Structure formats: C-alpha cells, structure tokens
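Letter by letter, the chains look like this.
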Amino acid sequence: MSTPTAPGLPPLSEPTAWHTISLTVNGEPVTAQVESRLLLSDFLRTRLGLTGTHTGCEHGVCGACTVLLDDAPVRTCLTLAVQAAGAELRTVEGLTQDGRPLTPVQRAFHEQHGMQCGFCTPGYVMTCTALTERACRPDDDTVADELSGHLCRCTGYQNIRAAVRQALDERYGQQEETS
Amino acid sequence: MKPGPFDYAVPDTLHEALQLLSGTERDTKVLAGGQSLIPMLNMRLARPELLVDITRIPELGRLAVGDDGALRIGASVRQTAVADDPVVREGWPLLTTAITQIGHPQIRNRGTVCGSLVHHDPAAELPAAALALDARFTVAGPGGTRTVEAADFFLSTFATDVEPDEIVTEVVVPPQPAGTGWAFQELIHRRGDFAGVGVAVLLRRTGERVGAARIVFFGVGSTPVRVPAAEQALIGSGFDAEATVAATRAALDPQGDVHAGAEWRREGAEVLLRRALAEAWERTA
Amino acid sequence: MSTDTGTDTLSETGAESRTGAGTESRTKTGTQPHAEPGTEPRTDGAWIGRGRLRVEDERLLRGGGRYVDDIRLPGTLEVAFLRSPQAHARITRIDAAAARALPGVRAVYTAAETDRLPPVVNEAELRVPEGLEQAIDPLVRRLPYPLLASGKVHFVGQPIAMVVAESRYLAEDAIELIEVDYAPLPVVIDPDEALAPGAPLIEESWGDNLALRAEARVGDTDAAFAEAAVVIEEEFHAHRYVASPMETRAVQAAPGAYDGRMTVWSNTQTPHRVRDHIAEALDVPPLAVHVIAADVGGGFGQKGIIYVEDVLIPVAARDLGVPVLWREDRNENLVAASHAREQVHRISLAADADGRLLGLRDEFVVNFGATTMTGLVVPYNSIVHLMGPYRIPNADIRTRAALTNTAPTSPYRGAGRPEAVFAMERALDRLARALDLEPAELRARNLITPDELPYRTGLLDRSGNPQEYDSGDFPELLRRVREMVDVPAVRARQAELAAAGSAHRVGVGFAVYLEATGLGPFESARAAVRPDGRVRVSLGAPSQGQGHATSMAQIAADAIGFPFELIDIEGGDTDTVPHGVGTIASRALVTAGNATHIAGGRLRARILAAAADHLAVPAADLLLDDGAITHPATGRRLTLPELLFAGYELSETGYFRPPGFTFASGASGVIVDVDTETGHVAIEKYAVAHDAGRIVNPVIAHGQVTGGIAQGIAGALYEEMRYGPDGQPVTTTYMDYLVPTSEEIPDLEISEVVTESTLNALGVKGLGEGGAIAPQAAVSNAVEDALLPYGVVVRRGPLTPDRVRALLRDN
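Protein chains in written order, with my numbering: chain A, -4 to 174; chain B, 4 to 288; chain C, 36 to 846.
Hint data in this document are derived by calculation from the structure and do not stem from the laboratory. All of these numbers come straight from a predicted model, not from anything done at the bench. One or more of the hints may lead you astray.
Claimed, not checked - Cβ pair distances, simulated, as ranges:
hint: 1; chain 1: C; residue 1: Arg844; chain 2: B; residue 2: Asp15; range: 54 to 60 Å
hint: 2; chain 1: B; residue 1: Asp124; chain 2: C; residue 2: Arg252; range: 52 to 58 Å
hint: 3; chain 1: C; residue 1: Arg844; chain 2: B; residue 2: Thr150; range: 26 to 32 Å
hint: 4; chain 1: A; residue 1: Ser17; chain 2: B; residue 2: Val261; range: 52 to 58 Å
hint: 5; chain 1: B; residue 1: Gln22; chain 2: A; residue 2: Ser17; range: 42 to 48 Å
hint: 6; chain 1: B; residue 1: Arg212; chain 2: C; residue 2: Val265; range: 57 to 63 Å
For glycine and all other residues, C-beta sits at the position ideal for the given N, C-alpha and C.
Work the whole structure out from these sequences, hints included.
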C-alpha cells in the first residue's frame, strides 16, 4: 500500500494541510514542515525527539505536557504545532544541558522527593520554573493555582508543594511565615 | 485521542479572515486560543475542515479602554493578559475575578476572552460575567459589522449569535459606575473545573437601599441566567436577601448532570446568592 | 517486638540526603533503629535506614525518562483500537474494507484475523491455591477472553478491531471508517441485579452470571449473635474507581532482525508473566520473547495483569515484520483498562454490653465486570482483611462475584482491603453509636495486643495456610492517631458550632487496618560484578516509581559491604533474571528486597573467597572495602575487575520464598469540616501512624504512604467511575473523572511505629498499598461524625457535595 509522500511524519492526509513553521526550541532555531492537525506535544516528542514532555490525557487536564511558550506555561496537547510558529519554546530538556548541574527547581524536586514515577514531573518543573522567573515572589494562592494545573498520582502532592517552596525560597529568599 | 484532518489558515488581516470564512463550502471554524476547541478536536467531537487562526491579525490583539470609558478586549487577547491588567482590575474587578476562576493558569495563558465567550459553555465563567456587565460584542461579517448585546448573544449551549461566516472581533465592557458593589462566586468540587453553579452580582446603593441590581447565574441552564425578578425584589428594598432568594427559587430550573444533580444546583444557587449578595453589598460605597 | 521512639533519621544534611530544613511538616515520632546519621558512604551495614535521595531522579528531571512511548524505533507503526460503543450486543457485521484502503494503513485486525489465537486467561491470578481448594472449595470460573470481540461485545470499550498505521493520527482516521452493525442485548451493570434470576447473561453458556463464590467461617457465629447485647446490621457500597496512573498503558514490540526474537517494551508490573503470554500467542518458547519494563509511569495494580493489547501488539509486529507501538489514550484508560473496588457489603456485628466484639457476619458481592480478569485475589483479600486488627472469635463471611456489562475489574492498590476496611470500619462506628461509645474507644477495646502475637484468626490466608499475624502494635497505632487529632478538642468545637447554629460542622473519624504483605511464591535477584568494577543487581520486579534503584541498592550495599554509589539496580528485564513475579501486592521490598539481601551476602562471600584464592591468603584476613579488596597485613590491594579478569566468577543469584505473609498495619485519624449548606467536605487534618517493619529508606517510605493516602482520599471524596443504566460509562475524561489536584489533598502528619517482620531476614514489610486502605473509611467516619446531629449514615462514596447534600436532605 503506498502512502502519499510528504516530508516527515505523520503521513499526510491532505496536501494543502502542510505548513512550514519556524520557531525556537531550547534556544535553537527549528524549521519544520508540519501537518495542520499535529499537536505541539507530538511535534516535540516525535519530530524533535524531545520525549521529556509527556502526554497524560491529551485533553488539557493533567498538565504533564506543559512547556514554556514565550516564557508562559502552556498545554502542548491543546496547542497545534502550527500555532507555535514564531514562538520561543522551552522544554525540560532545555533547562540544563551539556551535563551542567540541575537547576534549583529540578534540584528541589529531587531533594524534597517531590517525584516518584517521574511521568508528571517535567510538567511540574516547567510550571515551577516559570514561577521562579517572576519579578517578585508569587503569593501562596498564585502558587496553589499554578500547581492545580497538574495532576500527580504518586506523591500525594505534599512533597511537590515542599519542592516548590524550596525553589521559591532559593530564588526569592525565605518567605514570611503565612500560616 | 488525535484530531481528524483539517486545513489551517493564518490570515494577516480581518478582511482576509472573513474571506476565508465566506468563500468556502467547507465547515470552517475560527481558532484563537484553542483551549475549548482543541480538546473537542482531539476527541473528534468537532470535525471542522478548515481552521482560521485569527491570532496574527494585529487589530484583534488590542486591549484598551476607549474614549467612552469602555473596556475593549480584542478577539485574540489572552485571558491572562486581561486578568493581569491593573486597569481592568481597578475598573472591572468582577471580570478579573471571573477570569481567574477559569481552568488553570496554563489554560488561561493560551485561552482568549472572546474565544470562551463565543464557545459558550453555559457553566463557564465569562458568559455570565459578560451578561452581568452588560457587555456587547462587535461581530464582523461579509456585510459589515454589527453589535450584539450580551443579553441577545448567548442562544443555547455552545450556540451564540454568530454566523459561520462571522468573527467576533472584540467584546466591549461598559464602565462600571463608581461605588458598584460586586461579587463573583462559584461552587466547584475540584479546583479549576467548570462551576457546578455560580453567580455574578452587581449592586448599587442608594442610601441604605439597593438602587440597582444585577444577578446572573451560571451552570443552571443552557445560557447564563439573569433573574430580573430577584433583582426587582432587591431594588428599593433595604437589602432583603430572603425575598431575592425566594424570587430566584421560582425562576431557576437547573438540570442535573454527571457532576451534580438538579436539586443540589438549585440549593447551591440559593446559598451562593446569599453569600454573594452580602459580599457585593459590603463592597458598595 | 519493639516500638521504639527516638532518632530522627531525616536530619541528615548535604546533597546526598534529604535536607528538609524548614520544609518538614510531618511529625517524626517514629524511629529507624538502623539509622546512622552522616553523609559519608558507609560499608559497614549502614545504608539501610538512611533517607538517601533517589538515584533515579536526575535522569528523569532532565527529561531523560524512557517510558514506552519515548522509545521510538525507526519505522515504528502505531495502533488504534475500535472499541465497542455498546454495553451488550451481538455484532452482526464488520466491514473494514474502507479502513484497509486508507493510505498509510498497514493492517486491520478483527476477530476474523485473531480467532485462531489463544484467548487471554490470567492464569496466575485465577489459580486457586491447593490449601484453599481443599478447605473451602470455592467456585472460581474462568472466562477466556478473546483478543478481539468475537460475535458479541460485553462492555463499552471492549476492543473490536485493531488498526496498524503509519501514525496514530492515521490509525484513528481508519477506525472511523470501520462499519459495525450491532444487535443490542439487555444490559446489567449492578452486581446484585446480575446475580438475580432472569438477569441478562454475559456468558450464555454459564446459565448465570456467578463468576465466583467463596465462604470462610470461624467459631459459632449464630451463637455469638444470639448472646450479643448489641447487634448492628448495615449495607455499605464500595464504589467503583480507577487506578489512573499518569502514564497510561503502552506496548511496543520489535521483531529482531538478526536473532528472530521479539523485543517488547511494556509498562507492565509483571514482565515475566507478560513474556509468557506473548510467547503463547506467538507460539514460540518464552525465551524467544524479551520483555523490558523500563521507566513506568505508575501502575497501582492496573498494569499488573495481562490484557488483550499486551498480546495483540507483538502479534502485529510479528505479522508485519516491523516495530509496532500502542499507547493507550486517557479515554481508553478510563473505559477499557481495569476498574476496581466495586463491592456491596451486608455486614453485621455482634458485641457484648462493654463493646467487646463477639461476632461478624458479612455477605458481599463483587462486581467483576465483563470477564474474569482475576479470581480469588480481590474477593478473598477482602475476606481475610475484614476482621483486621480486631479480636473477633466468630465470623461468617461469604462472597459472590458477578459478571456485568461493565469494564473488567482487577486489583488496584489495596486489592480488596480498602473495600473490606470501609465496610468493617463503618460498621464499627455504627456499633459505637449503638453502644454510645467513642468510636476510638470501641476500637481500643477490641484491638489485638502485642502480647497476643503471633495471632491466628482461624481463617486461611490467600495461600491456603492458617492466617497468622506475625507482628505489630495495633493499640500503639491507634493511640498515636488519637493523640494527633485530639478528640476532646473536636468534641468541644462540635458543641460550639452547634450552639452557634453554624452551617459548618466538624467531625473526627478513625480507621485501623492491617495488611498481609509480601505475596509469594518467590522473587529472585542476580548480583554480578561488572568489568568496570560496579555491581549490578538484576531483579524480576520492576519499579513504577517506588524507587527500587535506590532502596534495593541500599540493601545490596549493606549485604555486600560495598559502596552504594557503585551499585546499579536493574529491574523488569526478563533477560537478566530467569524468573520473576513482579511488583504487585506490596511484595517487592519483602521478596525482591530479601532476594537482593541473599544474593548480596553470597556475592560478598564469593568475592572474598575468590580473592583469598587469588592472593593465597585466608579469606578472613581480607577486607572488602570501598569497592576493592585489601589485605591489611601486607597492604596488598585487589580491584574487582582484576579479580574478574583473573578468571573468577563473581556473580550470585538469590531467591527468596516468603514463608508466609508478614503484616503491615496502620491507623488513620481525620478531622473534617463539612459545609452543610453546600455539602463540601474539607479535610482539616489527616494523621496517620503506620508500621511497615524495618524501614529501608524513610524518605521513600514516607512518599509511598503519602501517595497511597492521597489515592484513598481521592476515592473518599472525588473519584467514581460511573455508568448509566444503559451501560454507558459517563466519567470518560479527566473532566468528569475527578482525580484530585494539589489543592484537594492536604499535608499529612505521619508517625512511624516499627515492629520488625519476623518472617524475613531484613525485618521488612510491604508498604506500597497500605496508605490507600484506610482513608475512605476514616474520612467517611469523620463526615458521619460531623453530621451525626442530622441523623446521617454514610453508606457509600464518594462524598461529593451533591451526595452530602442528598444525605442531609433525606434526614
């Protein structure tokens, strides 16, 4: 059975449904041909081999596929690859490269045991990374709101919250006792 | 859970976008943030043939207060941009609060205000906020531009007064008189979900009496539900919450679904109303 | 048997171990008798008990996980399934021609293509132990399950056709082109109705829907009830929910070009069992199949049984000669992966006037769903955990399991224990009300005390041997949680809130459980010195996030007397150990841990003997230190690679066959706040005391407990897999099936009691499931306590606002 030829995967459904996009991924320029319907999550995973971004639900609830798009955490399962044209993306692979040490956020998840199976972890790390890049420390409710955009089935969340506190403390200084 | 095939176009101008919508027999949908549409694509509950991405049209990206004091939110303005805007927070705090209760930040970073309004999930926050705030919609089509009041905009679940060849280019929210008290409350079981039931309340005070009132529920019908009888019960009274609740009871006919039964929604609406009225009254000046 | 209190093992500093400074919110009233503070690697048996941070984390944190869907071989084809939209129907026509003709589609399988293949029977899970067979003669029926629906569909989600295409997108396109005609049949989803005469038959040849029947008795229950001062009788429904690991199921199969073997990456909890099933389907010897469970994104039991997809993907790879990948999507996981928990208990308790338990009667029905995925596992686990840590001289427990038109059910974290504990602990609270006793006090009067251990219940355990609790201190567990929740303070607040007419009510609830852990029959570990001087320990039990690479290395480091940093743990690869069972049933630490301990001890002896031979000195004069051998008398030093290259075999395999179940235990104490106007339940405080024997790694152990309790709270308040009366599942996405977020799960206060297991050398007990067992009972008890003035009785969960309001309205 022959398949219509088109650049890359997945195979084409309609010749007009292909687009050339250019974007920046982890600091590197990327130009690729993508089908309209290709989800950004699949583009990252299958086209660029950046499999650290996981898909847990593909309908925008679990948050495992979260990356930073122009510095803001977004669901890649609710974004088409074509919509990311021109954007600057950061994935978990881009946080620390070439054997450099873990970032404070990554280290906090390790030191607080804020991870078990590790599947949801990259998504949390990306959201938490954005929390540490603000002008000033986000308040508790903001942090809670951001964390509620992720599901974890292993940890029971306690250590994830501790990890985020550690990362924020390290970035912004110790928080005043609020409770 | 992958979308079926479709075409995608990303016009630079509104004119081009409208041409794409009108010049085709294909089932065409407007794409802005995609946070409501793409889940439906992934589940193949929506099967458009062409998506027209309007986020690269410069004029649709404006967030500004006009000369008339009204807030104008362009079709591609993200929810986060509105929620984070200090001018909006100052002048339209109900809107800010409503947005911050939508989903999660990761959703709001992509989702647009207009997109949520046009999508019109009746359990969503923004349609109720728009109705409560007397927002109006600027709708561009092949024959020109028309304005639709929020009261006429929401037709039924997932249906609004927008034709397939039209685009909502902005939502306009009139200025709120100084001293308006407000509340926006909802009952949710899990953080970030659609509301089981919610209410938006705006009150103005005349002395110790209620001078004007606006009460809109969501999650209790196929559109946001304004309850004029409840508003009337309040206006002119010395803040008679129980009469308002009674009027609400007679007016609402919620349905049950997988998240909650009809009876719980009815009770919840009344509980929320009491709490929201008190909060809004407290905020009047 | 000791329940020491003492040192804080989490106080180590430095990057090696958890710092915890300023972030530690749990109480540490427990102890690690084997703990040694300090950050220097030790080789004198000091690794067990330390809160060593996990060695697996860094790779995962850099995005370097190797979950099945991350392993993409060139030319891999992807699979999508057509699943039944009907709950019960005859298939009258399937036409896949259009799907087959779609560009990019390589193959479409329907029953016509797969009926020649053996159906799936979870042999290991359906076997009845000989002792049980003889003693209680249970009925355990097997329904072999066709790989693709043949003639009839039995539940929404059952696979009917499999499309193999060049991408998942195309495979889903093709699925839409397959035409199937159905002749609908009557539907039954309720297990009681399914067992009633005249119910629609799932398997017509059976004549009824009775999949299993088992009974267990001790003493003279009728007499006990006759003489009782108080008897309560209640009905409790454990509701259906889903394990819902964040990584859904996935299988990738690659036929080997040069060796003819089939390599299968699977996120299974039981790789050797998967291997054997695949080999059977491919009609090749087991060793012609190589199963690898690399990184697994949570399992909780759902990945511990064999599904048709496990077999179908390798079949397609074999047929097409290229790698084939299937990654379940979330909708498939919610409707078609196994469900769990659904049981209806009709339970009675008899007590004397002082509240001493005299007898227990329980008849419960288990909803097996549309097939017999497992047999006695869950129902019998419920039977042998009903009496729990309580002294109950007379009991009469009967269970039946029903087939229904719902997704098949299988063990999920707790596997019959949370259901039994929900029934028993709720019944105890009802009894306490009848006796006008504090529920905690009723429990205290009936808990088995340490001096009664080992304690025989009079029942037979899951293996068919007399059930014997080996160790524990149940009264201490309860004492600690009572202290942590401060019952008198709650009672005072209740009075204040009632007096003030507040819409908010608070309540306190308890649940105590024990858990038979360390399921046999065995696990193995192979420890081998590698040419680079490192030791690799290969296990049959893979990790789904439990941290084996760290905890097992701690055990190995102590057993070998070898630096922790030079030990690599490898689990879940069928080529590295000949036999394995898997990581299920709270067994890995007990079985694989002790196998590691045995293999490590033998490897140490072997290394020393080899070095003694090579150096021609007595072994007793040698030291195995910092990863090398030294002879202090002469100062000679020998590295392990030198020894290896001198021609010595430096590997050992250890098997551990547990002599019986070892008993972990725990108690939960919960304070809730109920908004009576909205029905919203908030957990103010969750306290837990648990005993998992000797703790190998307290950081990991706390994580396991915390995660288990979160899943239990999820079932208590949020999650329910629901069906409409027509058999249509209604909670089919994460928008409807409410896995709680960080906002819904509170911080816990955890206290540790340590009574070492008497049944294994390490003194360890299983820990994986324990957390999930008690929460639903404890939370439900607390909610009922809060709403006692309203006459509310909690008979099922989850306690959603809607359900709580309904309870209040009905009273």
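Each hint, compared with the structure:
In this structure, C:Arg844 and B:Asp15 meet the distance hint of 54 to 60 Å, their C-beta atoms being roughly 58 Å apart. For B:Asp124 and C:Arg252, the Cβ-Cβ distance of about 55 Å falls inside the hinted range of 52 to 58 Å, so the restraint holds. A beta carbon spacing of about 45 Å between C:Arg844 and B:Thr150 contradicts the range 26 to 32 Å that was offered as a hint. Taking the beta carbon of each, A:Ser17 and B:Val261 are about 43 Å apart, not inside 52 to 58 Å as hinted.
The hinted window of 42 to 48 Å between B:Gln22 and A:Ser17 is violated, with their beta carbons roughly 25 Å apart. Distance hint for B:Arg212 and C:Val265: a CB-CB separation of about 60 Å, consistent with the stated range 57 to 63 Å.
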